[in-house]
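Colleague: Chain residues, written in single-letter form:
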Amino acid sequence: MLNDWQHGGFGLYLHWPFCQAKCPYCDFNSHVSREVDQDAWLEGFKNEISLYSRQTEGRTLDSIFFGGGTPSLMTPKTVEGILDTVRSHWALDTECEITMEANPTSVEAANFEGYRKAGVNRLSLGVQSLNDLDLKRLGRLHDVAQAMNAIELARSVFDNMSFDLIYARQDQTIEDWEDELHRALALEPSHISLYQLTIEAGTAFGDRFAAGMLKGLPSEDLAADMYDLTISTCADAGLLSYEVSNFARPGVESRHNRVYWRTGDYIGIGPGAHGRITVNGTRYATEAAKMPAKWLDMASEAGAETVRAKLNAKEMEQEFLLMGLRLTEGVDLARHPSLIADPDFLKNFKYLKDLELIKMVGDRLIVTPQGRPLLNSVTRQLLAD
Amino acid sequence: MTELDKIRNFSIVAHIDHGKSTLADRLIQETGTVKDRDMKEQLLDAMDIERERGITIKANTVRIDYRADDGKDYVLNLIDTPGHVDFAYEVSRSMRAVEGSLLVVDSTQGVEAQTLANVYQAIEADHEIVPVLNKIDLPATDCDRVAEQIEDVIGIDASEAIKVSAKTGVGIRETLEAIVTKLPPPKGERDAPLKAMLVDSWYDAYLGVIVLVRVIDGVLKKGERIKMLSTKAAYPVERIGVFRPQMEMIDELGPGEIGFLTASIKQVRDTRVGDTITHEKKGTENALPGFKPSQPVVFCGLFPVDNAEFEDLRDAIEKLALNDASFSYEMETSAALGFGFRCGFLGLLHLEVIRDRIEREYNIELITTAPSVIYHIHMRDGQMIELHNPADMPDLTTVDHLEEPRIKATILVPDDYLGDVLKLCQDRRGIQQDLTYAGSRAMVVYDLPLNEVVFDFYDRLKSVTKGYASFDYQMIGYREDRLVKMSILVNEEPVDALSTMVHFDRAEQRGRAMVEKLKDLIPRHMFKIPIQAAIGGRVIARETLSAMRKDVTAKCYGGDATRKRKLLDKQKAGKKKMRQFGKVDIPQEAFISALKMDN
Ligand SMILES: Nc1nc2c(ncn2[C@@H]2O[C@H](COP(=O)(O)OP(=O)(O)OP(=O)(O)O)[C@@H](O)[C@H]2O)c(=O)[nH]1
Ligand SMILES: C[S@@+](CC[C@H](N)C(=O)[O-])C[C@H]1O[C@@H](n2cnc3c(N)ncnc32)[C@H](O)[C@@H]1O
Ligand code: SF4
Ligand SMILES: [Mg+2]
Numbered sequence: 001m002l003n004d005w006q007h008g009g010f011g012l013y014l015h016w017p018f019c020q021a022k023c024p025y026c027d028f029n030s031h032v033s034r035e036v037d038q039d040a041w042l043e044g045f046k047n048e049i050s051l052y053s054r055q056t057e058g059r060t061l062d063s064i065f066f067g068g069g070t071p072s073l074m075t076p077k078t079v080e081g082i083l084d085t086v087r088s089h090w091a092l093d094t095e096c097e098i099t100m101e102a103n104p105t106s107v108e109a110a111n112f113e114g115y116r117k118a119g120v121n122r123l124s125l126g127v128q129s130l131n132d133l134d135l136k137r138l139g140r141l142h143d144v145a146q147a148m149n150a151i152e153l154a155r156s157v158f159d160n161m162s163f164d165l166i167y168a169r170q171d172q173t174i175e176d177w178e179d180e181l182h183r184a185l186a187l188e189p190s191h192i193s194l195y196q197l198t199i200e201a202g203t204a205f206g207d208r209f210a211a212g213m214l215k216g217l218p219s220e221d222l223a224a225d226m227y228d229l230t231i232s233t234c235a236d237a238g239l240l241s242y243e244v245s246n247f248a249r250p251g252v253e254s255r256h257n258r259v260y261w262r263t264g265d266y267i268g269i270g271p272g273a274h275g276r277i278t279v280n281g282t283r284y285a286t287e288a289a290k291m292p293a294k295w296l297d298m299a300s301e302a303g304a305e306t307v308r309a310k311l312n313a314k315e316m317e318q319e320f321l322l323m324g325l326r327l328t329e330g331v332d333l334a335r336h337p338s339l340i341a342d343p344d345f346l347k348n349f350k351y352l353k354d355l356e357l358i359k360m361v362g363d364r365l366i367v368t369p370q371g372r373p374l375l376n377s378v379t380r381q382l383l384a385d
Numbered sequence: 001m002t003e004l005d006k007i008r009n010f011s012i013v014a015h016i017d018h019g020k021s022t023l024a025d026r027l028i029q030e031t032g033t034v035k036d037r038d039m040k041e042q043l044l045d046a047m048d049i050e051r052e053r054g055i056t057i058k059a060n061t062v063r064i065d066y067r068a069d070d071g072k073d074y075v076l077n078l079i080d081t082p083g084h085v086d087f088a089y090e091v092s093r094s095m096r097a098v099e100g101s102l103l104v105v106d107s108t109q110g111v112e113a114q115t116l117a118n119v120y121q122a123i124e125a126d127h128e129i130v131p132v133l134n135k136i137d138l139p140a141t142d143c144d145r146v147a148e149q150i151e152d153v154i155g156i157d158a159s160e161a162i163k164v165s166a167k168t169g170v171g172i173r174e175t176l177e178a179i180v181t182k183l184p185p186p187k188g189e190r191d192a193p194l195k196a197m198l199v200d201s202w203y204d205a206y207l208g209v210i211v212l213v214r215v216i217d218g219v220l221k222k223g224e225r226i227k228m229l230s231t232k233a234a235y236p237v238e239r240i241g242v243f244r245p246q247m248e249m250i251d252e253l254g255p256g257e258i259g260f261l262t263a264s265i266k267q268v269r270d271t272r273v274g275d276t277i278t279h280e281k282k283g284t285e286n287a288l289p290g291f292k293p294s295q296p297v298v299f300c301g302l303f304p305v306d307n308a309e310f311e312d313l314r315d316a317i318e319k320l321a322l323n324d325a326s327f328s329y330e331m332e333t334s335a336a337l338g339f340g341f342r343c344g345f346l347g348l349l350h351l352e353v354i355r356d357r358i359e360r361e362y363n364i365e366l367i368t369t370a371p372s373v374i375y376h377i378h379m380r381d382g383q384m385i386e387l388h389n390p391a392d393m394p395d396l397t398t399v400d401h402l403e404e405p406r407i408k409a410t411i412l413v414p415d416d417y418l419g420d421v422l423k424l425c426q427d428r429r430g431i432q433q434d435l436t437y438a439g440s441r442a443m444v445v446y447d448l449p450l451n452e453v454v455f456d457f458y459d460r461l462k463s464v465t466k467g468y469a470s471f472d473y474q475m476i477g478y479r480e481d482r483l484v485k486m487s488i489l490v491n492e493e494p495v496d497a498l499s500t501m502v503h504f505d506r507a508e509q510r511g512r513a514m515v516e517k518l519k520d521l522i523p524r525h526m527f528k529i530p531i532q533a534a535i536g537g538r539v540i541a542r543e544t545l546s547a548m549r550k551d552v553t554a555k556c557y558g559g560d561a562t563r564k565r566k567l568l569d570k571q572k573a574g575k576k577k578m579r580q581f582g583k584v585d586i587p588q589e590a591f592i593s594a595l596k597m598d599n
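Which chain is which? The protein sequence lines are S and V, in order.
As numbered in UniProt numbering, residues 1 to 385 make up the first sequence, in order.
As numbered in UniProt numbering, residues 1 to 599 make up the second sequence, in order.
These aren't lab readings, by the way, just hints derived from the structure by calculation.
All of these numbers come straight from a predicted model, not from anything done at the bench.
Note that beta-carbon positions come from the ideal geometry of N, C-alpha and C, so glycine has one too.
Possibly wrong hints are sitting among the right ones.
Here are the computed lysine-lysine pairs in the BS3-like style, where the Cα-Cα straight-line distance is at most 27 Å [to be verified]: (1) Lys-583/V to Lys-314/S; (2) Lys-310/S to Lys-572/V; (3) Lys-58/V to Lys-314/S; (4) Lys-294/S to Lys-566/V; (5) Lys-310/S to Lys-566/V; (6) Lys-292/V to Lys-58/V; (7) Lys-22/S to Lys-555/V.
Chain V regions said to be covered by chain S (calculated; three or more residues, Cβ under 8 Å) [what the hints assert, rightly or not]: (8) 513-523; (9) 547-556.
Sequences and hints are given; from them, build the entire structure.
Modeller: Right under this line is the structure:
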């Protein structure tokens, strides 16, 4: 019999927590640090990898992802050391996707080549905007010209390349965005991530927003219009929205993120990294020490994991829907038969179906195009008791 | 026991915040009643809610000993009273127990509405009045102007008003001397049958019901059997004491003295303020005139946010009512809100205080419905019924006419804001009765429907006058008017808790204002929601709350699963603060906010 996680696959996430500067909107676990002893970090990663491999023996990795922070600040040697260790502990699927997030400022042709040699086969570039003024307001260190260069370079080195943009920014009109999006699509990416700017608590933007000083953010209606426009414009360019903020030519969807959304198993290594691992039929949520120095200390000793929580059936159902309904393909309800047996769920299901916000396609529950922009409310309603 | 001519009994009265309690502090301190190290600001405001809001709610009595300049020892009984209009009843009954009043006026502010109201009460109680000009330490003090105002507006001699700073202690000695020399000693016969006034009573967790008494004639002793003249119930006196301000037990209270007794009385309800207490045997037959009972004038529904807490709410309300006879309650069921209580209060502050106490002391979250007043419904068959809750409005075909309670409102306001005040009163269906000037301040008297005042009149008044107006009111009776019940329909369903009584001529305007407010207060849903105001079957205003357009998190990766799951649980808890009407969630604050008028 299949373990439930196998519907989603098995991934490895590696978190590099350092950046050259902290962006004002960013709530990722990223820190600015002058001196990073890459050899020591490599050792930490190696230790963690061997610890986790013991709990997942015999598995095959579908994806490896270097995220951050800014993992493109890692030396190719560090990346190589990590990937060699990974290969010595797990088998890699023949199609294993090995992604690295990169910032346009930190790219150097020499490094790209080094990453590729080490095994990286996909690059995800944090372009964020194709407008110099907005890049400044987003606190980015690069300009549009550098971003274009980085895209060119990445293309020449990697077969598989994607980039990120943030929209629904301060003072952005729908025309501004339409123009920018067209320029982005003119670069003919096969995969692109388009995120509406989220104001996160605890960030510089969050503080300014709370103080009423972050002006010019779009209204709900404008944000909705921008979202509709984004989906249709991408579709016209052959990039289908396979997830809320992710667009790809069919077949080029990111394998790694699909592990999350399909609630597969993933190991999270690095400061603050989260994981989901099923051991002997029990699924655990793991979390590593958040502060880099603390993590490094722990990782060099008995291990950096600080949280290991059993997920109960209810929590697994919640995550299954919270993550799965983000995908255009929806979820296969047969994976959680208890849901269909729950009268609350059935009542909520009918309520949303009558509003045409969700529908069934075969065994799959999917969120309709009308439901998609309301996904949080839809999910909340589905899980209401 | 103290000789009558060595006793002085007085109340300290003033407009809110003019410094009564602070003055009481100084009097207590100067006479060494409380040691300096035990002193704290507004010592007598002991309840949490009093300390937090910095106001007095309950009158407090203290007995102090004072050696006057004439070398003799006096016993002074002071009663610190609340300034807020809601608690005017506390002031009036306190005054009945004493012979004089210190009229405190903030020398930086001057005469305000409650200053006037209190003076009139003091005059009615035949009090000797000693004016005290307070806060002379502040730069804005202007004693001459304020003394002149007292003479002009109130008509009492202020030439010997005492200049005081209750903060620094200046003038306190003079105040004590004035109390001794200017206020009359009480009268009374030591050998006459016992006649004592029941001034107040409350419940104490340790001692049970405590009765505050003022002995008029005779002597009240521990161990004796007493009788309440109104109920004829008799009790053995267990304890007698005075407040200094902590309880101090003594053996007896003679004529002119103020103190307390306990007598294993079960409930506060068994005591009637204003009642006459005498001995069971050989008592007096002549009852004191008694007090007019306090009447709740503002009503609202209190419902637990969580329906499962109904019994806890009942318990809390019963306990609070034990101690507060002016607060009334009866069970209420609402289609929208479930089980709760319709409660009566002396005013909005009283309502707020009770609601706060339930929420804090008993930890029950509440939904409060729109405050309303008591309407008199005259039925076709000649019957008159009292309507406490608009939701209970009978079928119109059975109703002949309606009457609503009206008040006489007195407002003192600086010239500059007079126009705004007149407009406000006019908008609230007021009829101007009087308009006079005292210097640069105007005093306006309006006849207003209570219904237009209970809700947010005071807030509006404060805001249009930047806080410079003061306000006092008295009930003056009922008058017929064209009143109708306005219902609110959300998503085509009537929400009973939002029904209100409105004047026919204002119905459309109020209806429009309410549906507009609700449109802002109710969050967008996944579908569009019509919000309507209707009288009978006729819709008089309508708004449509458009459907939510966007509610989706942009990014959600492996690290976000836990966070999203926790957020979901938090949102579920948040939803408890909403009430479901059909498919619509209405946030609890909407029930009050929807009624607030912007003009
Ligand atoms: N500067 C100054 N402040 C004073 C004086 N007397 C009172 N206050 C301040 O005025 C405010 C109100 O004082 P209270 O004594 O609570 O007034 P109150 O009249 O008892 O108020 P209520 O009981 O609520 O009607 C407090 O902040 C006091 O500290 C004074 O003589 N000088
Ligand atoms: C892990 S982050 C950062 C990767 C890389 N350090 C960078 O900044 O390019 C991945 C992506 O999330 C998006 N992102 C981060 N914070 C965001 C926010 N507050 N609102 C919307 N998108 C955000 C950005 O597009 C970013 O490229
Ligand atoms: S957005 Fe990227 S570069 Fe900026 S602080 Fe966050 S992780 Fe670092
Ligand atoms: Mg006070």
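Colleague: Run the distance test for Lys-310/S versus Lys-566/V: straight-line Cα separation, threshold 27 Å.
Modeller: 15 Å, holds
Colleague: Taking 27 Å as the top limit, are the C-alpha atoms of Lys-294/S and Lys-566/V close enough?
Modeller: Given pair Lys-294/S, Lys-566/V holds - Cα atoms ~25 Å apart, limit 27 Å.
Colleague: Within the segment 513-523 of chain V, is the number of residues with a Cβ closer than 8 Å to a Cβ of chain S three or more?
Modeller: With 0 residues in contact (Cβ-Cβ under 8 Å with chain S), the coverage given for the segment 513-523 of chain V is violated.
Colleague: Does Lys-555/V sit within 27 Å of Lys-22/S, going by the straight-line distance between their CA atoms?
Modeller: 19 Å, holds
Colleague: Between Lys-310/S and Lys-572/V, does the CA-CA distance stay at or below 27 Å?
Modeller: Since the Cα atoms of Lys-310/S and Lys-572/V sit roughly 22 Å apart, the hinted pair holds (cutoff 27 Å).
Colleague: Within the assertion that chain S covers the segment 547-556 of chain V, do at least three residues meet a Cβ-to-Cβ distance smaller than 8 Å?
Modeller: This one holds; 9 residues, not fewer than the three required, reach chain S with a Cβ under 8 Å.
Colleague: Does Lys-583/V pair with Lys-314/S here, judged by a C-alpha cut-off of 27 Å?
Modeller: 25 Å, holds
Colleague: So if I understand the rule, the pair passes when the alpha-carbon distance is 27 Å or less; does Lys-58/V with Lys-314/S pass?
Modeller: Violated, because 52 Å separates the two Cα atoms, which is more than 27 Å.
Colleague: Given the hinted pair Lys-292/V and Lys-58/V, is their alpha-carbon gap at most 27 Å?
Modeller: Answer holds: Lys-292/V to Lys-58/V is near 18 Å, not above 27 Å.
When held up to the earlier numbered hints, the structure conflicts with 3 and 8 and fits the remainder.
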